[in-house]
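Line order of the protein sequences matches chains A and B. Counting from 1, position 117 in the first sequence corresponds to residue 117 in this note's numbering; the numbering is continuous, with no gaps. Counting from 1, position 226 in the second sequence corresponds to residue 226 in this note's numbering; the numbering is continuous, with no gaps.
No lab work stands behind these hints, which were simulated from the structure alone. All figures in this text were calculated on a predicted structure; none of them were measured in a lab. Only true hints are included.
For lysine-lysine, the following DSSO-like pairs were computed, each having C-alpha atoms within a straight-line distance of at most 30 Å:
(1) B/K204 / A/K416
(2) A/K114 / A/K226
(3) A/K401 / A/K423
(4) A/K401 / B/K102
Here is what each chain is made of, one letter per residue.
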Amino acid sequence: MANALTPAERASVRRDVVGVVVAVAAATAVSAVLEGVVSLTSQAMVYLFAVVAASYALDRVGAIASAVGAVTAFNFFFVPPRFTLEVEHRDNLIALAAMLAVALLVSTLSAALKRETAAARASDTRSRQLRELAAALLAAEGEHDVLRIGSGALAHAFAGPVHLVAAREGVVGDHTGIADDVARGLQCCVGEAAVLGPGTGRWPGLDAWYVPLGPRGNVVGAACVKPAVAADAVGREHAEAIAALVAQAIARLRLAAANLETRAALQRQHLQSTFLASVSHDLRTPLTAIVAAASSLQQQRSRLSAAEQERLLAAIVAEASHLSAVTENTLQLVRLAAGGEAMRLEWQSVEEIVGSVVARLRARPDGERIGVRIAPGLPLVRGDATLLGQLVANLLDNALKYSDGPVRLVACRLGKRLLVSVKDGGSGVREGEAERVFEPFYRGGGRTAATRGAGLGLALCKAIADVHGGSLAVGARPRGGSRFTLALPIEAQPEAALVA
Amino acid sequence: MTLSVLVVEDDRDIRDVLRASLAAEGFDVLTAVSLSEATALLDHARVDLVVLDLGLPDGDGAELVRRIRRSSALPVVIASARHQDVEKIELLDAGADDFLTKPFAVGELLARIRVALRHRGTAVQPAVTRYDSGGLVIDLDAHRVERNDEALHLTPTEFRLAACLVRADGRVVTHRQLLTDVWGAEHVDDVHYLRLYMAQLRAKLEDVPSEPRHLLTETGVGYRLATD
Numbered sequence: 001m002a003n004a005l006t007p008a009e010r011a012s013v014r015r016d017v018v019g020v021v022v023a024v025a026a027a028t029a030v031s032a033v034l035e036g037v038v039s040l041t042s043q044a045m046v047y048l049f050a051v052v053a054a055s056y057a058l059d060r061v062g063a064i065a066s067a068v069g070a071v072t073a074f075n076f077f078f079v080p081p082r083f084t085l086e087v088e089h090r091d092n093l094i095a096l097a098a099m100l101a102v103a104l105l106v107s108t109l110s111a112a113l114k115r116e117t118a119a120a121r122a123s124d125t126r127s128r129q130l131r132e133l134a135a136a137l138l139a140a141e142g143e144h145d146v147l148r149i150g151s152g153a154l155a156h157a158f159a160g161p162v163h164l165v166a167a168r169e170g171v172v173g174d175h176t177g178i179a180d181d182v183a184r185g186l187q188c189c190v191g192e193a194a195v196l197g198p199g200t201g202r203w204p205g206l207d208a209w210y211v212p213l214g215p216r217g218n219v220v221g222a223a224c225v226k227p228a229v230a231a232d233a234v235g236r237e238h239a240e241a242i243a244a245l246v247a248q249a250i251a252r253l254r255l256a257a258a259n260l261e262t263r264a265a266l267q268r269q270h271l272q273s274t275f276l277a278s279v280s281h282d283l284r285t286p287l288t289a290i291v292a293a294a295s296s297l298q299q300q301r302s303r304l305s306a307a308e309q310e311r312l313l314a315a316i317v318a319e320a321s322h323l324s325a326v327t328e329n330t331l332q333l334v335r336l337a338a339g340g341e342a343m344r345l346e347w348q349s350v351e352e353i354v355g356s357v358v359a360r361l362r363a364r365p366d367g368e369r370i371g372v373r374i375a376p377g378l379p380l381v382r383g384d385a386t387l388l389g390q391l392v393a394n395l396l397d398n399a400l401k402y403s404d405g406p407v408r409l410v411a412c413r414l415g416k417r418l419l420v421s422v423k424d425g426g427s428g429v430r431e432g433e434a435e436r437v438f439e440p441f442y443r444g445g446g447r448t449a450a451t452r453g454a455g456l457g458l459a460l461c462k463a464i465a466d467v468h469g470g471s472l473a474v475g476a477r478p479r480g481g482s483r484f485t486l487a488l489p490i491e492a493q494p495e496a497a498l499v500a
Numbered sequence: 001m002t003l004s005v006l007v008v009e010d011d012r013d014i015r016d017v018l019r020a021s022l023a024a025e026g027f028d029v030l031t032a033v034s035l036s037e038a039t040a041l042l043d044h045a046r047v048d049l050v051v052l053d054l055g056l057p058d059g060d061g062a063e064l065v066r067r068i069r070r071s072s073a074l075p076v077v078i079a080s081a082r083h084q085d086v087e088k089i090e091l092l093d094a095g096a097d098d099f100l101t102k103p104f105a106v107g108e109l110l111a112r113i114r115v116a117l118r119h120r121g122t123a124v125q126p127a128v129t130r131y132d133s134g135g136l137v138i139d140l141d142a143h144r145v146e147r148n149d150e151a152l153h154l155t156p157t158e159f160r161l162a163a164c165l166v167r168a169d170g171r172v173v174t175h176r177q178l179l180t181d182v183w184g185a186e187h188v189d190d191v192h193y194l195r196l197y198m199a200q201l202r203a204k205l206e207d208v209p210s211e212p213r214h215l216l217t218e219t220g221v222g223y224r225l226a227t228d
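Using the sequences and the hints, build the whole thing.
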């Protein structure tokens, strides 16, 4: 039969035998020493003490064995007739029965105490694990993180192989590296939204628990646990508690992501509608002027003086070129915002870009107001000539539009940056307005009634400065007017070892 | 003899306006709405200049430019929207004479046509070797440069660069063409050479280098010499 015992059971039997022998031998030795000094009853007490001690330390079989051993030894060595197993007095029979009863009682009590202690310790361990898991999950930044932390917690609690997967809409997500049958079990668990495996009544033949992450209707994944320890009902509940924490963490992350997405969508929608409103305003205003002037020429030409006709024609040309500028700004802004437009980055000369923009603006009636000062020997900058030209043109156009006096463009070098500033003497930018003028579609308070179309221009300027790694700032000038300053980074200059 | 201009443009309104404006300037105007129609007209009618719109329904304008260049020096002026910059440069490199960015004023178109027509039949005419405008004289034969009657000294590279622009006679010369002609084909991407040397040239040839009157920049495309 001994062959049928497990190593643990064999060790337990060995402990019992040794314990009983030691206890009985010790009690016999002490009783022998006390022989003649104390009464037979006191000697019986020594044996009783040994039984109590053995019953506390050993299991139930050991306890009974120690009681039988103690009574037998007491009877054999000390109860007359000595060195026989006969019992003379009824008293001794009672002592034997009492000892057996005490042994059983103590053994039962101590076993219960041990069980409860162990249970309390395990429960303490489990709640500590849950607390630690909850704290770790709070710091998780993504689902992958959550699954990793959850796997760690399950593996630590059950000392066996663990697989965790996330699921969406009832379908298990990425399960690379997980055996097919386990993956099927996980999918099944997500589908049924119930714990499967031994002791659950569902698929008890499985060799692992399959625990859904989250309650029915909101299952966000599943866990597979092969417990090497705590493979009981309490352990399974612990696995479910861990799964619930992991599920909460995943649900929290998903909710946050959904919130963010909703807010972004709202923002996009808002931007889109302001964009459309602004563009349609910016396009419609010059179009209205063109249609009015052209139809007037078409229908009333005979009644218009030559000078009036000339004025209307000039208005059509001016409004059309304004329309063209607005269209160009809008298109570039949309392209830059979409990020799809590949910039043509080349070495550019700011002097050259400014020169060709100014040459174009000089053709306008108000173009003579522009003054240009460019520091000699400016370094080249890396950039897209068309975009940078558009930036400079918008700044100058803006300054001409919002002021009547001279407009000055100055380009110079300051440390590792190349500065281009455009100054005007207009109404200036109000306190608190400085940052907002670069928002798409923003129109300055002092500029609403008579002026138009700047909304997109400055937003585009800012976007162009940004894609060049530069900055665009606006400030008020001490004696009125505003100053827009573009700062572009100066990179290491290209090698120019050339033949003269 | 009246000069004949072929306008290749698929938008009817633009086509009609161009037809009317060019006719008012005394040109015979032919129109085509597609590359195939343009090709057919070029084969069967006398054409002295082509105004070519990009983004035609049946294909690539570059094909037409190459076809024309295989057999003649017929001037071609490209009309394109800004976002067609890259295509525009390709066409200029393929042999187109000049370009206009849409929207353009009729005056600009006529100026480009005038410049381009000066080169009609360049193959048999002597090349242009002299620029004389607004006090600036660049004489390639005499290897002499004067500003306001004062002789100027140009370095050999500066002179080669100026000479390329003089020979183009007011037409735009792309970065690629200038780099290839002055520095050689291996420097075709070294746009910074141009930036630096154009700045040097302007410092010598222009009264106000930051607002050049002679050496004009075509942003993102190349350079040209201003013509009166």
